[in-house]
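**Q** Sequence:
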Amino acid sequence: MDRTILVRMGETVVVRDDNNGIIKLKTILGSCVGIILVDPHRKIAGLSHIMLPEKTEKDPIITKYADTAIPDLIEKLSKKGALKKNLRAYIVGGACMFNNANQQTTLNIGEKNYKKVVEVISEFNIPVVLEQTGGNRGRTIIYNLRDDTIEVKTLQINTGVKR
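Counting from 0, one number per residue, gives the positions in the sequence shown under numbering that gives the first Met the number 0.
Rather than coming from a laboratory, the hints here were simulated on the basis of the structure. You can take every hint at face value.
Below, computed lysine-lysine pairings styled on DSS-like, alpha-carbon distance capped at 30 angstroms:
| # | residue 1 | residue 2 |
| --- | --- | --- |
| 1 | Lys-79 | Lys-54 |
| 2 | Lys-152 | Lys-79 |
| 3 | Lys-78 | Lys-57 |
Build the full structure now, drawing on both the sequences and the hints.
**A** The structure is reproduced here in structure tokens:
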């Protein structure tokens, strides 16, 4: 039996392969960044759907922000039995979702998210095995824990309404 878990904006989900079916983690990204950390030896994985680079003092939800979500994800993986030395990362998303001639505007939150994710991951010395980031289109990702594969689909831009 396949089990696909949808990870929503600002959420973190950690799963362990318990041989009760294929476990897949899925999310849809625009300027947000999806970070998947995996311990392939122990079949434990987690996905954080990061919305912004840094946490604000007023927001109690730590899973929205790169600087707090990634340490939280590592801690949750460890509690499930993952070993930090085995972890590796997949980083996807961070698109510039605003059609603007000046891509260096303050609106390019996707690039800011990506840079902060890379900064935090490097602080933990976790190798990145796949990066698919940037551009101007959203992506859907599906990570399959059973066979340690990731599927990334680029979303198509719809420019009109068909009647």
